[in-house]
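Undergrad: One-letter residues, chain by chain:
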Amino acid sequence: MIHAAIKQVQRYKGWFGTAGGMCIIAGVYLGLVGSPPDYYQGEVVRIMYVHVPLAHTSLLGYSVLFASSLWYLWKRDPIVDNMCHAAASLSAFFTAGALLTGSIWAKPTWNTWWTWDARLVSFAVLFLILTGYLMLRTFIDDPEREARFAAVLAIVGFVDLPIIHFSVEWWRTLHQPLSISMRGVSISKDLLVPLIIMGIGFSVLFFYMLMVRTQMLYLANLLNAKKGRLLSHAHLSKAEP
Amino acid sequence: MIFFRVIQWVVWKDLISEVRSRETISSMFFFALIVILVFSFSFSMDQQAARELISGIIWVAFAFTGIIGLGKSFSAELQNDCLEFLQMSPAPKGAVYLGKVAANVVFMVTVEVILFPMFVIFFNLDVVEELPLLLLIFLLGTLGLSTVGTLFSAMTVQIRAREVMLPILLLPLAVPVMIAAVEATRGALNGNPMALYRHWLELLAVFDVVFTVVSFWAFEFIMDS
Amino acid sequence: MTGFYLRWGGLLVVAAILAFLVARNYERNLANLTPEDLLADPPSRAVRVLGLVRGGTLTGDQASGRLRFDLSGTRETLTVQYDGPPMENLRELKTLVVVGRWDPSARTFRAHDIALVTNYGFVVGAYLVGLVPLALFLFTMERKVGLLHHEIKQSKLYEPEMMDA
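Chains as they are written, first to last, in my numbering: chain D, 725 to 965; chain X, 192 to 416; chain Y, 5 to 169.
Keep in mind that the hints were calculated from the coordinates and are not lab data. Each hint should be verified, as a subset may be incorrect.
[What the hints assert, rightly or not] If the Cβ cut is set under 10 Å, some of the chain D residues that face chain Y in the computed set are:
| id | residue |
| --- | --- |
| 1 | Ile748 |
| 2 | Ile749 |
| 3 | Val757 |
| 4 | Gly766 |
| 5 | Val768 |
| 6 | His775 |
| 7 | Pro777 |
| 8 | Ala791 |
| 9 | Lys831 |
| 10 | Arg861 |
| 11 | Lys951 |
All residues carry an ideal CB built from backbone N, CA and C; glycine is no exception.
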C-alpha cells in the first residue's frame, strides 16, 4: 500500500523539479539584479537570499527525517527507510551549505569568518548530529538493524534540537550580547519578495531531490538484492553434481 | 511489580560485578586523573584564569570519563552472549533500560565524588558552603549524560567501530547538558546567588525528564533481536 | 538518458544567461571607478566613484544635504559637490562610493547619492557555494538513477515492481 502511494507521488516528481528550478532561477535573478541593496548592509544582504533558504530547507529536511523515522518504526517498510536515509543526506548537505554561506556572510558584515551566534552554533551541532547519523548507517551491516537504529537516532536527535537551540541561545546572551544578530536585517517589502521566492523554490526542490534520492537508494537496493539472488542461483546450480 | 524487580536486579547485577572486578570505576578514575593532568599542562593558569576555566575542565573530564563508563556498561554484556539473553528475555525492556541508567549514574557519580576533592586540591578551589548544591548539579548532569548515553551505548555496542561511535553520537546531543552543567557549576563555585543560574538547573531537569522518557520508549527498538 | 542530458544542458544554458545578466548589471550599476580612472577618462554618463573622504575638507550643511568635500584615491583627488538626502554615512575619513556625474567645466563631480562600498565578491562567492554544489549533487543523483534503471533493465531481472522512469 505504501509502495503504491509512493509510486503515485513519484509520478509527479518532474513537476516538482521544474517548479523548484524555475523558482530558484527567478529568485537568483531577483536577488542579484532585481532588488535593491539594504541600507545598512549594502550589497552583502543579497547573500541572505541563499543562506536563509538553505537553512530553512535543512530544517525542513530534518523534520521530514523525523516524520519518516516515526513512520518507519510504525510500518517497517524498507522504502520508508530509504526515504529516511535520503532525507538525512540532503539535510546534511543543506546544513553544510547554510554554514558555509553563513560564514561568507559574516566576513564582510562583522569581519570574522565565524561567530558564536546561537543559530550558527545550533546549525553546527545539527550538522554533527546528521553526520553521526550517516556514519551510523555506514557502520551497520544488517539492513533491518541499520534502519531501526537510524530511526531511533533521528527521533532522539529531533527531540533534542529545540533544547540544544535554547541552551545555546541562553549561553550566548550570557556571554556576549551581540549588538547585531543575524536577524538584524530590516526586512523591507523589496527584500522580502526574492526571499520568499527562493524559499519556495528551495523547499520544492528539496522534495524533488528527496524523491530522486529515495528512488536511487531503492533501485540500488533492488539491484543488490537481485544480484544476490542471481549469485545464489549460480551457486546452487554449480553445487549440483 | 515485575518491572521494579527487573530494575533492582539489573542494578544489583552491575554493582556486584563491579565490586568483584573493580575494572570500570578504576579505569574511569585513572582516565579522569590523566585528563586533569593534561588540562593543567595545557593552560598556564593563575588564580583568576583558573576560576573561569575550572568548571569547563571539570565537566569535560566528567563527560569523557562518563563515556568510558557508558561504553563498558554494555560491552561487558557482550561476553558470554549476555546481550542476546537480555534481548530475548521476557523482562520489560524499559526496566532493563532504567536499571542500566541507574547503575551508570551510580558509577559515574562515584567517580565524580572521588574526583572532585582532587580538583579542589589541585586548583585550590573554595567550595565548602556549596557542596550539596554541587552534588545536585553533578547528579543532574550525570543523569543527563546517562539517559542518552545508555541508549546509544546499547546501540553502538552491536555495530562496528563501537568505541568511536558512542562519543560521536552522544556528544552533539549532550550539548545542552554540557552547557547547563558548566554554567551551573560556575555559578555555584563563584558563589553567585542561586537566582542567576537557577534556569540552568531547570534546563538540566527538563532534559533529564524528557530524555528518560524518550530513551525509555526507544530502548525496546534497540533491543529487538 | 538523452532527455536527462538535454535537460541539464538546457539548465547550463539558462545559468550562463543568468550569469551574463548579473555581470551586465554589475558593469552598469555597481562597478566602481577610482578618482584616477575618472580623471584619466572622464565619462559622460552617471558613474560611481570609490574613494576616501579627505580629512578636513568636508564643508556645508549636513541637515540640508548640500555638502562639498574632497574624495581621494591613491594618487588623485576629486572635488565632490554632493546634493542629495542627508546621509549619516557621509563623514570624514570614511571610504565610500559617490554616485553622480562628472562636470568637466567646473572640474567637480556632482554627486546625488552616497553608497557603501560594494563587496560583490562575497555575494558571488556565497551564491556559487550555495548553488553549484547543489546542482552537482542533483546531477549525480539523477544520473545514478538513470544508470540504475538502465542496468536493471539490462540484466533482464525486471519484474513489474515500483519502477517508473
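Undergrad: List, from low to high, the hint numbers that the structure doesn't satisfy.
TA: Violated hints (numbers, rising): 8, 10; every other hint is consistent with the structure.
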